[in-house]
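Line by line, the protein sequences are chains H and S.
Residue numbering for the first sequence follows my numbering, starting at 200 and increasing by one per position.
Residue numbering for the second sequence follows my numbering, starting at 1171 and increasing by one per position.
None of these hints come from the bench; they were simulated from the model.
In this text, a Cβ means the ideal position worked out from N, Cα and C, and glycines have one as well.
Do not rely on the hints blindly, as some may be mistaken.
According to the in silico footprint, chain S covers these stretches of chain H (three or more CB under 8 Å from chain S) [said to hold, decoys possible]:
| # | segment |
| --- | --- |
| 1 | 288–299 |
| 2 | 309–317 |
| 3 | 324–333 |
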Amino acid sequence: MSFYDKDIVSIRDFDRKQIEEILRVSERMVPYALGKKRTKVLEGRILGNLFFEPSTRTRLSFESAAHRLGVDVIDVSEMSATSISKGETLADTIRMVDAYCDLIVLRHPHEGAARLAAKFSENPVINAGDGAGSHPTQTLLDLFTIKRAKGKIEGLNIVLVGDLKYGRTVHSLIDALTEFGANLTFVAPETLQMPEDNVKHVKGKGAKPQFTDKLEHVIPHADVLYVTRIQKERFPDPSEYNKVAGMYRINNEMLREAKKDLVVLHPLPRVDEIAPEVDDTLHAKYFEQAFNGIPVRMALLYLILGGEGL
Amino acid sequence: MIEIKVAPIRNGTVIDHITAGQALNVLKILGVNEYNIDSTISVLIRVPSKKEGTGGWKDVVKVEDRELDTKTVDKIALIAPNATIVIIRDYSVAEKKKVLLSSSISGLVRCSNPHCITNKNEPVAPEFEVISKDPPTLRCKYCDRTMSKISDNLI
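One chain only, chain H, in its complex shape (with noise of 0.2 Å):
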């Protein structure tokens, strides 16, 4: 399938084939995000970099792919800055900003954002997070920094664990895993486990996903672990909190019984699910997962903008 003009809002959209053919092309893009190579291929192109909400890694990730390839930035990153804030419409401004760039990237609070501001655009639209609904890029630079640390996603025991109900992070990720036939396993307290939809969807794709609430009893045989941040907010009782992000804080004594080569992610920031110790173990990918952000965007943009030769 060519990419071309298309947009990316839900990670639903795409089958293993196409995601595949994404992975591939971000890998080739590796040295050029590294800056080993040079390239201008999409010269003269513009991005509309919208972001309604804050975000460091996404949003300067991908500026970063873009001026690799050679793509303008324009942005607006800060909502009281635009004419939202005066009560326009999100559609008025797309419509608007779509006149000005060739490609729009587009983070906002409020669910289906992304797929509305496809609907106004001529343009294609990125989905950078809407909310606590999709975050497709997320979804393949982790399913990048996945393949390229195992080799494969097909037949892994993925362990996800935290916040497994409001981060959206794991919720564009179990669909994308399930297309790839990874086993899947959900750590967190009963409030915070993944929500009836997104489960049902899943085993509607022939998942079968495990529950539980004993992450030292599923480390053993995990491959992949995926650690999301606990929100303080989510608990009315701080103590509960206390006890709760307690047991799920990875350290180097959680990890002794781990597969020496057991890959540890985290989508970030972390405040102190993971402690630092672990950075220095080969466990720890979750700073190569970051970078990989920008092969993946950009891989993203030289696809739907139709760049040739790379």
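Starting from the known structure of chain H, fit chain S onto it as the hints suggest.
Leaving out everything else, chain S in the frame of chain H:
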């Protein structure tokens, strides 16, 4: 068993085989309130039904002097997927049809997700994919949220 008798209507619509318990929601869809009742409306709740798959019970609503438009019938399909619409003219059945829930719907219900962009004054009608017809379950085409308590969200 005591036989329930409701007088036949001369002109109007009989909505039969409504999922038991949904009759009041059908009245909501019909927009019935104290200011606009000009003819008799008969409501039967939880009456025996021999039709398969009903659990043995149904509701029936008879509205005199009114024939329903397509949009109203489509809304009824969302809460009572097995309902039949019988149009009566001069005491005879003029038309009889089953409600039909299409595979996607637009503008009939709002998304149950308060954070969905379609609930934020944007110039779009909420759109849904029908992922199950009985019981009706919808998935929002914008935010992906699935919804089965449809009567709470009828527009």
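Three-residue Cβ test at 8 Å for the coverage of the segment 309–317 of chain H by chain S: holds (count 6)
Taking a Cβ-Cβ distance under 8 Å as contact, does the segment 324–333 of chain H have three or more residues in contact with chain S? holds (count 5)
Claimed coverage, the segment 288–299 of chain H by chain S - three or more beta carbons nearer than 8 Å: Holds, because 3 residues of the segment 288–299 of chain H bring their Cβ atoms closer than 8 Å to Cβ atoms of chain S.
Of the numbered hints given earlier, the model fails none.
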